[in-house]
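Participant: In case you want the letters, here they are:
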Amino acid sequence: MSYQDYLAARETVTTIGQPVITVILIVSLLLGMVSLYHMVTRDSRAYVLSTQLRKSSTMLLMVGFIIITWFHLRIYQTIELVYPPGLSNYMSANMGISVTSLRFAVPLWIETEKLYFWTLCLSIFLTVIGLQYDFSRTKMTALFSSSLNIMLSIFMVLSYLANPFKEPLPGLHSEITGWYQAASTGDPNILYGALYQLYFRIIYYYNSEYMWTHPPMLFIAYASLVVTFVGCVFMLFRREKIFDRISYNHAKVGYLLLTVGMLIGYPWAVVAWEGKDWWWDPKINGSIMMWVLYSAYLHSRIYLKRHNMWRATAILGIICFLSLVFTYLLTYIAPGIHAISQ
Amino acid sequence: MKLTLKMKPRTYDFYLMLLTSAVLAIIGLVCLYGIGYYTYTTETTPQWTETPLYGIYIDSMNQYIYPFVVLLLVVLGLCIPKRIVPRQSLLASGIGILVVTFLIALVTDIGSSLVFLLAVSIVIQTAVMVLTILGRGGLTYEREGYFVQTGSSMLHLGTVVFVLDFVSFRTSDLHLSIFWVATILITIGTVLSFYPGEAGRVARLLRSGSGSS
Chain P
1 MSYQDYLAAR ETVTTIGQPV ITVILIVSLL LGMVSLYHMV TRDSRAYVLS TQLRKSSTML
61 LMVGFIIITW FHLRIYQTIE LVYPPGLSNY MSANMGISVT SLRFAVPLWI ETEKLYFWTL
121 CLSIFLTVIG LQYDFSRTKM TALFSSSLNI MLSIFMVLSY LANPFKEPLP GLHSEITGWY
181 QAASTGDPNI LYGALYQLYF RIIYYYNSEY MWTHPPMLFI AYASLVVTFV GCVFMLFRRE
241 KIFDRISYNH AKVGYLLLTV GMLIGYPWAV VAWEGKDWWW DPKINGSIMM WVLYSAYLHS
301 RIYLKRHNMW RATAILGIIC FLSLVFTYLL TYIAPGIHAI SQ
Chain S
343 MKLTLKMKPR TYDFYLMLLT SAVLAIIGLV CLYGIGYYTY TTETTPQWTE TPLYGIYIDS
403 MNQYIYPFVV LLLVVLGLCI PKRIVPRQSL LASGIGILVV TFLIALVTDI GSSLVFLLAV
463 SIVIQTAVMV LTILGRGGLT YEREGYFVQT GSSMLHLGTV VFVLDFVSFR TSDLHLSIFW
523 VATILITIGT VLSFYPGEAG RVARLLRSGS GSS
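Keeping their order, the protein sequence lines are chains P and S. Each step along the first sequence adds one to the number in the working numbering, with nothing skipped, and position 279 is 279. Each step along the second sequence adds one to the number in the working numbering, with nothing skipped, and position 149 is 491.
Think of the hints as simulated: they come from the structure by calculation, not from any bench. Just so you know, not all the hints are guaranteed correct.
[Stated by the list, open to error] Non-contacting residues of chain S with respect to chain P, defined by C-beta distances greater than 10 Å in every case (computed): (1) Leu360; (2) Gly370; (3) Glu392; (4) Pro409; (5) Leu433; (6) Val442; (7) Phe458; (8) Val509; (9) Ser510; (10) Arg546.
[Said to hold, decoys possible] The calculated lysine to any residue pairs, modelled on SDA-like cross-linking and capped at a C-alpha distance of 25 Å, are: (11) Lys283/P - Ile400/S; (12) Lys305/P - Leu358/S; (13) Lys252/P - Lys276/P; (14) Lys276/P - Asn404/S; (15) Lys252/P - Ile400/S; (16) Lys305/P - Ile288/P; (17) Lys252/P - Ile526/S; (18) Lys283/P - Arg485/S; (19) Lys276/P - Tyr408/S; (20) Lys252/P - Ile368/S; (21) Lys276/P - Ile398/S; (22) Lys276/P - Asp515/S; (23) Lys305/P - Leu361/S; (24) Lys283/P - Val509/S; (25) Lys283/P - Leu547/S; (26) Lys252/P - Val270/P; (27) Lys241/P - Ile400/S; (28) Lys252/P - Thr362/S; (29) Lys283/P - Thr362/S; (30) Lys139/P - Tyr37/P.
All residues carry an ideal CB built from backbone N, CA and C; glycine is no exception.
Only chain P is shown next, with the shape it has when bound in the complex (with noise of 0.2 Å):
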């Protein structure tokens, strides 16, 4: 196993991904079209379609899937980083770090892979909905249908855009990369240096159980609040319990895992970034800002059968997603620890 190996495994997600993302597009557009044209035609045989593309969707979003977790594995199998006695020796005596070899066991959502993960979560919850409600029972309940392949459409097309096959997780592959430049070069220096730094993003990041666990959960409640917003959409303009029933329950969901990913990530970053300015930062505030807003729509949610309020926690959970959405993009738009650019 070598880099060599490394670099077949990535060639071969490119030559096997490249096409798999295609097909998720084409599938995707016709998703959006068929039930954009349920939606002002009300044929149901364009609703029917639509629910067989969606399932199509699932699958194909499953068998990427499947490629990125083969790429993973093979990162992991590959690339083993070899500690010379020198500098354990150093790090063990200043540091009290014991390693002599890592490896790259790298999360599933990193990288240009989140919106993907995202995205897949997304169809598993549509697919569950669409086990647990006939949505074909009414010409509303089947609109709603529709606007949530719609969603999903446009989820799978961004993640078309940010295609985790065409440049595979490009940030780690530099760092790999520059870690067998510096051992090609023969001198221990070099490869001293990229060793050292390698074991920090490694321990603190790539393989720590908080990149397990933290963005996952926050994607899940992601996918878990769109079906919560488009139930609120259509509560705007229908009084129907079924469109509470079904934002309330995946803003339950969502809520949930929001909380506790949120929470298990403080203990992290109280470590791996100590002496770092990260309190207060855009991310963070626009966390708790998204976090108090579904606090607000969930307590509201209590009174829904008051005057009014029925129309204004579905406004709610609009605003609630727009938030959503805007700290997602703050990691690409501001400033701070979290940024993309860091």
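Use these hints to put chain S onto chain P, whose structure you have.
Facilitator: Just chain S now, kept in the frame of chain P:
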């Protein structure tokens, strides 16, 4: 299925909920201000987080948030013994606690008054949680059911422990230990509050499992 609207007379609980939502929304707005300030200052003064300006920003954000946290504890009724004492005594005890809090804020600062309020809240919420778990009667809850009430009491206690941890123990060695206690209480409390039926089924299953073995 159409939802039939049964209009209920507006009780003070309803207005407290509106106030709670408003306070939460204001905390959200303070966070929005923080995002804007941080982003703008980074644009105009790069590396400002390495200057005393960053400390001033942290302090000002804490100062903006604290009054609303106090207000949240009040409107959620976490700092008054609303589940334990009857309504007649509730008003007197509630006003008493708030007056002392206000006096502490006047004499010292809002941070100290918040610590007092949180300490009172923890005592009250611990008592409520213990009494609820033991199944003692006489507690006032809006929702019926053992698991939903236990969940609610754990969630409330976890919330006040969490806030106290951040207000008073951030630099203490106990900080993370207290944080985990709060996290466990909040998590279990949320699960029980959201899924009391499922929790009941699991409990019955466990009971019948241990009974048969």
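Participant: Look at each hint and say if it fits the structure.
Facilitator: Now for the hints, and whether the structure bears them out:
1. Leu360: Leu360/S is in fact no farther than 10 Å from some Cβ atom of chain P, at 8 Å.
2. Gly370: Nearest chain P Cβ is 4 Å from Gly370/S, so the label is violated.
3. Glu392: At about 7 Å from chain P, Glu392/S fails to clear the 10 Å cut-off, so the statement is violated.
4. Pro409: holds, 15 Å
5. Leu433: With a cut-off of 10 Å, Leu433/S remains clear of chain P, as the shortest Cβ separation is near 23 Å.
6. Val442: Holds: least Cβ distance 27 Å, greater than 10 Å.
7. Phe458: holds, 24 Å
8. Val509: With a cut-off of 10 Å, Val509/S remains clear of chain P, as the shortest Cβ separation is near 14 Å.
9. Ser510: holds, 16 Å
10. Arg546: holds, 22 Å
11. Lys283/P - Ile400/S: holds, 15 Å
12. Lys305/P - Leu358/S: holds, 16 Å
13. Lys252/P - Lys276/P: violated, 34 Å
14. Lys276/P - Asn404/S: OK: Lys276/P and Asn404/S at ~18 Å, within 25 Å.
15. Lys252/P - Ile400/S: Cα-Cα ~32 Å, so violated.
16. Lys305/P - Ile288/P: Not OK: Lys305/P and Ile288/P at ~28 Å, beyond 25 Å, violated.
17. Lys252/P - Ile526/S: holds, 17 Å
18. Lys283/P - Arg485/S: Distance of about 35 Å is beyond 25 Å: violated.
19. Lys276/P - Tyr408/S: holds, 24 Å
20. Lys252/P - Ile368/S: The hint holds at about 23 Å.
21. Lys276/P - Ile398/S: Answer holds: Lys276/P to Ile398/S is near 16 Å, not above 25 Å.
22. Lys276/P - Asp515/S: Cα-Cα ~19 Å, so holds.
23. Lys305/P - Leu361/S: Holds - the C-alpha atoms of Leu361/S and Lys305/P are around 18 Å apart, at most 25 Å.
24. Lys283/P - Val509/S: At roughly 21 Å apart (the allowed maximum being 25 Å), Val509/S and Lys283/P satisfy the hint.
25. Lys283/P - Leu547/S: Answer violated: Lys283/P to Leu547/S is near 42 Å, above 25 Å.
26. Lys252/P - Val270/P: Given that 25 Å is the threshold and the Cα spacing comes to 28 Å, the pair is violated.
27. Lys241/P - Ile400/S: Distance of about 44 Å is beyond 25 Å: violated.
28. Lys252/P - Thr362/S: holds, 19 Å
29. Lys283/P - Thr362/S: holds, 24 Å
30. Lys139/P - Tyr37/P: The hint holds at about 14 Å.
Consistency with the previously given hints fails for numbers 1, 2, 3, 13, 15, 16, 18, 25, 26 and 27, ordered from lowest to highest.
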